[in-house]
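2 protein chains.
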Amino acid sequence: MSSINRQFVLASRPAGFPQESNFNLIETPIPALKEGEFLVREHYLSLDPYMRGRMNDAKSYAAPVQIGEVMTGGAVGEVLESNHPDFKPGDFATGQFGWQEFAVTDGKGVRKVDPNLAPISTAVGVLGMPGLTAYFGLLDVCDPKPGETVLVSGAAGAVGTLVGQIAKIKGCRTIGIAGVDDKVKYLTEDLGFDAAFNYKTDTNYFARLRELCPNGIDCYFDNVGGEITDAALRLLNLHARVSICGQISQYNLEKPELGPRLLGLLIVTRSKIQGFLVSDYAPRFSEGLQQMAEWIKSGKLKYHENIVEGFENMPRAFIGMLRGENTGKQLVKAV
Amino acid sequence: MSSINRQFVLASRPAGFPQESNFNLIETPIPALKEGEFLVREHYLSLDPYMRGRMNDAKSYAAPVQIGEVMTGGAVGEVLESNHPDFKPGDFATGQFGWQEFAVTDGKGVRKVDPNLAPISTAVGVLGMPGLTAYFGLLDVCDPKPGETVLVSGAAGAVGTLVGQIAKIKGCRTIGIAGVDDKVKYLTEDLGFDAAFNYKTDTNYFARLRELCPNGIDCYFDNVGGEITDAALRLLNLHARVSICGQISQYNLEKPELGPRLLGLLIVTRSKIQGFLVSDYAPRFSEGLQQMAEWIKSGKLKYHENIVEGFENMPRAFIGMLRGENTGKQLVKAV
Numbered sequence: 001m002s003s004i005n006r007q008f009v010l011a012s013r014p015a016g017f018p019q020e021s022n023f024n025l026i027e028t029p030i031p032a033l034k035e036g037e038f039l040v041r042e043h044y045l046s047l048d049p050y051m052r053g054r055m056n057d058a059k060s061y062a063a064p065v066q067i068g069e070v071m072t073g074g075a076v077g078e079v080l081e082s083n084h085p086d087f088k089p090g091d092f093a094t095g096q097f098g099w100q101e102f103a104v105t106d107g108k109g110v111r112k113v114d115p116n117l118a119p120i121s122t123a124v125g126v127l128g129m130p131g132l133t134a135y136f137g138l139l140d141v142c143d144p145k146p147g148e149t150v151l152v153s154g155a156a157g158a159v160g161t162l163v164g165q166i167a168k169i170k171g172c173r174t175i176g177i178a179g180v181d182d183k184v185k186y187l188t189e190d191l192g193f194d195a196a197f198n199y200k201t202d203t204n205y206f207a208r209l210r211e212l213c214p215n216g217i218d219c220y221f222d223n224v225g226g227e228i229t230d231a232a233l234r235l236l237n238l239h240a241r242v243s244i245c246g247q248i249s250q251y252n253l254e255k256p257e258l259g260p261r262l263l264g265l266l267i268v269t270r271s272k273i274q275g276f277l278v279s280d281y282a283p284r285f286s287e288g289l290q291q292m293a294e295w296i297k298s299g300k301l302k303y304h305e306n307i308v309e310g311f312e313n314m315p316r317a318f319i320g321m322l323r324g325e326n327t328g329k330q331l332v333k334a335v
Numbered sequence: 001m002s003s004i005n006r007q008f009v010l011a012s013r014p015a016g017f018p019q020e021s022n023f024n025l026i027e028t029p030i031p032a033l034k035e036g037e038f039l040v041r042e043h044y045l046s047l048d049p050y051m052r053g054r055m056n057d058a059k060s061y062a063a064p065v066q067i068g069e070v071m072t073g074g075a076v077g078e079v080l081e082s083n084h085p086d087f088k089p090g091d092f093a094t095g096q097f098g099w100q101e102f103a104v105t106d107g108k109g110v111r112k113v114d115p116n117l118a119p120i121s122t123a124v125g126v127l128g129m130p131g132l133t134a135y136f137g138l139l140d141v142c143d144p145k146p147g148e149t150v151l152v153s154g155a156a157g158a159v160g161t162l163v164g165q166i167a168k169i170k171g172c173r174t175i176g177i178a179g180v181d182d183k184v185k186y187l188t189e190d191l192g193f194d195a196a197f198n199y200k201t202d203t204n205y206f207a208r209l210r211e212l213c214p215n216g217i218d219c220y221f222d223n224v225g226g227e228i229t230d231a232a233l234r235l236l237n238l239h240a241r242v243s244i245c246g247q248i249s250q251y252n253l254e255k256p257e258l259g260p261r262l263l264g265l266l267i268v269t270r271s272k273i274q275g276f277l278v279s280d281y282a283p284r285f286s287e288g289l290q291q292m293a294e295w296i297k298s299g300k301l302k303y304h305e306n307i308v309e310g311f312e313n314m315p316r317a318f319i320g321m322l323r324g325e326n327t328g329k330q331l332v333k334a335v
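Here the protein sequences come in this chain order: Z and Y. Reading the first sequence from the start, the letters are residues 1 to 335 in the working numbering. Reading the second sequence from the start, the letters are residues 1 to 335 in the working numbering.
It should be emphasised that the hints constitute simulated quantities derived from the structure, not laboratory data. Hints are not guaranteed to be accurate.
Copies of the same chain are indistinguishable here, so a pair counts whether it falls within one copy or spans any two.
[To be verified] No farther apart than 35 Å at their CA atoms in a straight line, the calculated lysine-lysine pairs in the DSBU-like style are these: (1) Lys185 with Lys297; (2) Lys170 with Lys112; (3) Lys34 with Lys170; (4) Lys297 with Lys34; (5) Lys59 with Lys297; (6) Lys255 with Lys200; (7) Lys300 with Lys59; (8) Lys145 with Lys108.
Since we're looking at a predicted model, the values are computed, not measured.
Let's have the full structure, built from the sequences with the hints guiding it.
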């Protein structure tokens with residue numbers, strides 16, 4: 001085993017859209033394990049929109065990554081050495097291991113993964129954070145009822161693809177918004193969305209949504225924000241529920257954007273808008289994972305992984321994900 | 001009894017702030033009662049911000065008032081004649097009787113008022129729609145807990161004065177925002193608000209709110225919207241609840257206003273923003289009225305009425321209310 005670890009550290013904070021130069025690839029020795037620690041070789045590294053927020057020096061729900069610090073991120077890998085009673089060499093585990101090839105951890109927030117149940121990559125996807133985000137963000141925040149209309153923005157991403165399928169499982173009419181024609185096709189032809197459109201070519205969002213949601217919108221699962229959300233909120237039905245999962249349209253703006261004031265609409269429709277974080281549902285994770293695994297097994301839930309090979313391609317894959325180049329879960333395969 | 005009814009009808013739709021010329025005072029004969037109808041002489045007419053919305057030709061939760069139609073509005077008065085089994089001459093009753101001196105009604109949505117329990121004017125105030133709005137909008141939508149910080153915008157109005165006092169009864173730190181120094185003084189010295197400020201003279205809302213809410217904001221009861229709400233949302237605590245009751249800052253704009261996009265904040269704090277209408281709580285009105293009456297009786301809840309004499313002064317009193325000239329409930333006394 002190599003005793004050298006390759007890591008991506010934050011080199012500088014982006015102004016607007018991140019560049020590869022915002023990251024530095026460095027080599028450091030793997031530290032010796034202390035009592036209670038174990039060493040993981042990361043196989044699949046997860047790339048997620050929330051990481052963009054960690055690159056800013058702004059107060060949020062988690063601390064920013066500091067300049068020179070290893071980028072934060074989830075991954076799944078194999079335990080190589082262990083001074084920890086619960087993790088043995090040969091075990092697979094997932095946790096916030098960071099953008100590096102090897103991680104030393106004390107096991108806090110780390111979960112064992114059974115490679116016989118599902119491919120280990122799913123531990124950072126459909127059977128991990130994005131899957132749980134879709135599950136709780138839709139079912140707990142929106143509570144969709146059969147026959148209701150559910151709209152999903154960022155519908156072709158790791159979370160959106162799952163939200164739409166869960167909505168279908170619950171008997172809803174499901175509409176997706178994505179930014180590539182092939183994604184739109186994938187949503188309707190492969191995942192069973194009732195309709196979808198490409199927001200980059202079909203830019204009269206209100207007209208398009210009114211056409212695709214003739215009975216209005218009961219639940220809106222928002223990954224995107226901005227003008228798409230402006231249009232969606234104007235079509236909310238009485239007692240509609242809006243789940244704010246992400247606002248990716250806003251993350252890379254150099255200057256905050258202005259938009260129409262829409263809170264008055266909430267009075268007219270007696271609707272709610274609620275932000276959530278999957279981590280708040282930690283006590284219910286096992287319920288969510290069990291249900292998602294069951295749906296996968298019974299063929300009701302499909303997932304797609306967009307895998308880039310090579311640890312050194314982390315920044316490029318991250319930027320591609322922010323640009324919407326992926327369909328489904330964006331991963332980097334390091335091993 | 002006069003057989004002539006004076007009525008204010010909508011003469012034209014306002015562009016921006018309403019003018020007295022948007023209303024016409026007309027005289028019409030009082031129609032003869034049909035079977036099941038009764039005649040009410042309106043004593044106190046209610047003036048409320050929502051009426052501004054009814055003057056627009058826009059889809060909302062209620063139909064717009066048509067040009068030439070009597071303005072909509074609540075009132076309380078005495079039954080003069082009746083062909084209705086449940087209402088007798090001499091009874092007092094409250095309902096959506098409109099801007100007129102006499103109303104003929106079939107009793108739908110009309111409630112009898114006991115003049116021995118409280119002054120009849122309270123039936124359109126603290127023991128009527130504004131009281132119930134404060135009660136359910138705060139307790140049901142925000143569900144404030146002892147020790148939490150509750151912020152109220154439009155705090156010196158019919159609803160706001162009650163919201164702040166109910167929050168105090170529930171053991172909260174209560175902060176009010178109003179637009180006149182005397183109102184600010186009234187809130188803190190007479191109604192027991194912990195702090196308040198004048199948004200017209202103290203215009204750095206964020207700095208002022210941060211100072212007055214050192215522990216952040218757990219519940220925000222919003223009657224106003226606009227820049228005040230922009231600032232308040234930036235100070236929300238984890239799992240904060242925002243109740244959107246009104247957005248009076250936006251009702252008289254000739255052109256919709258733009259504002260910062262703030263939905264991303266809801267993710268950081270996992271907060272919700274919910275619009276509501278008091279009418280949705282109709283099945284629980286008696287619970288609310290009983291509790292409000294009890295608090296008044298025990299001296300825990302005070303109310304203030306701003307009474308303008310003379311039916312002919314309805315438009316002027318309405319415009320004054322929109323300008324924030326009233327403290328507490330704005331009424332016109334017609335008899």
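Hint by hint, which ones does this structure get wrong, listed from lowest number up?
3, 4, 5, 7
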